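Peer 1: Sequence:
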Amino acid sequence: MSDQDTGEPTAVDRRRFLAIAGATGLTTLAGCEEATTEGQNTPTESTDTSTPTETTTDTETTTETQTETETETDTETETETETELDPDVPQSANGPLAPLPTPDRNGVPKPTGEPGGLEVLDWAGFEGAVTYTYDDGQPSNLQHYDALAATEMNMTFYLTSNVDFDGYEGGWTLAAQDGHELGNHTVSHPYADMTESSFGEPVEDTATEIQQCSQYIIETLGQEDVWTMAAPYGDTGWSEPAEQSDLFLSRGVGGGAVTPDDDADPYNLPCYMAQEGDTAETFTDLIDDAREAGEWQIFLFHTIAPTDEVWYAPVEIDAIIDSIEHAKSAGDVWIDTLATVGAYWRGHQLLESAEVAESGEETIWEWTVPEDFPAGRHVRVTVDGGTLSQNGTELDWNTHGYYEVDLDEASLTLST
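For the sequence shown, the numbering used here begins at 214 and goes up steadily by one.
Treat the hints with caution; some may be incorrect.
[Unchecked claim] Pairwise CB distance ranges (calculated): (1) G383 with E568: 44 to 54 Å; (2) T408 with D597: 55 to 65 Å; (3) V321 with D474: 16 to 26 Å; (4) D438 with A477: 15 to 25 Å; (5) T472 with D621: 22 to 32 Å.
Hints in this document: simulated from the structure, not taken from any laboratory.
The structure displayed is predicted, hence computed values, not measured ones.
Even glycine gets a Cβ: it sits at the ideal position worked out from N, Cα and C.
Let's have the full structure, built from the sequences with the hints guiding it.
Peer 2: Here it is as structure tokens:
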């Protein structure tokens with residue numbers, strides 16, 4: 214976080230409002246009300262003033278993750294993600310932009326047909342994808358963090374940097390160290406016209422709201438970078454400022470899921486916004502629907518119950534954990550951060566829309582990686598046959614059923 218006039222680091226100005234209010238004083242300010250937008254099927258959010266529920270011990274569910282990330286396969290490839298991962302390390306420890314997880318299938322033979330038939334695998338070779346996101350950096354999110362972390366799945370927490378309470382910075386620093394994504398939810402949580410900020414006075418404009426929140430996450434909480442944001446109130450007016458920032462995705466609150474070839478706005482991604490009273494079945498049904506349709510389902514949670522700090526739309530921790538375990542048990546659902554799944558989704562689109570040229574017995578695809586796109590990302594492809602290479606280096610076939618293409622190389626060649 215930096216002072217908006219001088220750019221010098223400051224912690225006092227950012228929290229002078231919060232030092233007086235404290236966490237309890239903030240509970241009446243924390244709604245993320247959806248801006249009215251045609252076609253969105255989630256309810257309008259409002260500030261929750263219900264009586265806090267009694268706090269009980271978190272339910273912790275420890276299971277072995279079914280999508281253990283690997284980079285070492287029967288045939289090692291230079292285009293595989295570079296970080297070698299310990300299979301005994303939980304997936305979440307591998308970072309908010311972790312290497313792609315490996316599908317359960319193995320022993321897939323290398324294609325030996327005629328050169329051609331390039332196909333990008335949906336969702337890195339999984340049937341569908343799910344992302345769990347949590348807004349505002351609420352006390353209840355940290356209260357139940359151990360139970361969430363015990364699932365060993367990567368998640369995304371959207372933080373508003375003017376929020377403060379005992380243990381806030383230490384808790385989110387730990388989450389970043391554990392490899393979960395800390396996303397941008399602005400400095401003060403206003404509408405895009407800079408009115409009705411939920412946490413203190415807004416800074417001068419939308420660009421500064423985004424920039425200073427990212428700076429706080431990097432400099433104070435220790436995450437190496439910030440890649441995505443969630444629009445306060447789900448206000449679609451944040452889409453343009455997000456696109457003009459150095460972020461490459463923004464989540465809204467409108468209902469729906471994302472398909473691999475979707476024309477969804479990357480700066481207003483749809484999600485399911487959890488409502489008070491939702492049960493595990495609410496989420497598991499959506500997960501099953503996404504798996505069946507080959508979609509990416511994003512969930513948005515606010516308050517996690519039980520808690521004494523009910524800010525908005527409390528959902529029981531057991532319902533969240535049960536849905537995560539349900540997704541894991543399917544064996545072919547990819548659970549990861551918004552940044553990681555979103556980078557694959559946009560990378561898929563880059564390769565699908567690449568310029569294609571024929572040169573002798575070679576077919577060449579070329580694309581331009583957006584300036585704000587995270588480095589080191591890959592997509593997985595198959596062909597009917599032939600030799601795939603990038604800038605003169607042949608790609609090795611991975612026996613889990615794909616070649617892995619480095620998006621930073623910006624070209625791909627298929628030859629006989």
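Peer 1: Taking the hints in turn, state whether each one holds.
Peer 2: Quick rundown of the hints versus the structure:
1. Checked against the hint of 44 to 54 Å, the C-beta distance between G383 and E568 comes to roughly 49 Å, which is consistent with it.
2. Taken as a hint, the range 55 to 65 Å holds for the pair T408 and D597, whose Cβ atoms sit roughly 56 Å apart.
3. V321 and D474 have their C-beta atoms about 23 Å apart, which keeps the hinted 16 to 26 Å range intact.
4. Here the CB-CB span from D438 to A477 is close to 23 Å, well matched to the stated 15 to 25 Å.
5. Between T472 and D621 the beta carbons are some 25 Å apart, a value that agrees with the proposed interval 22 to 32 Å.
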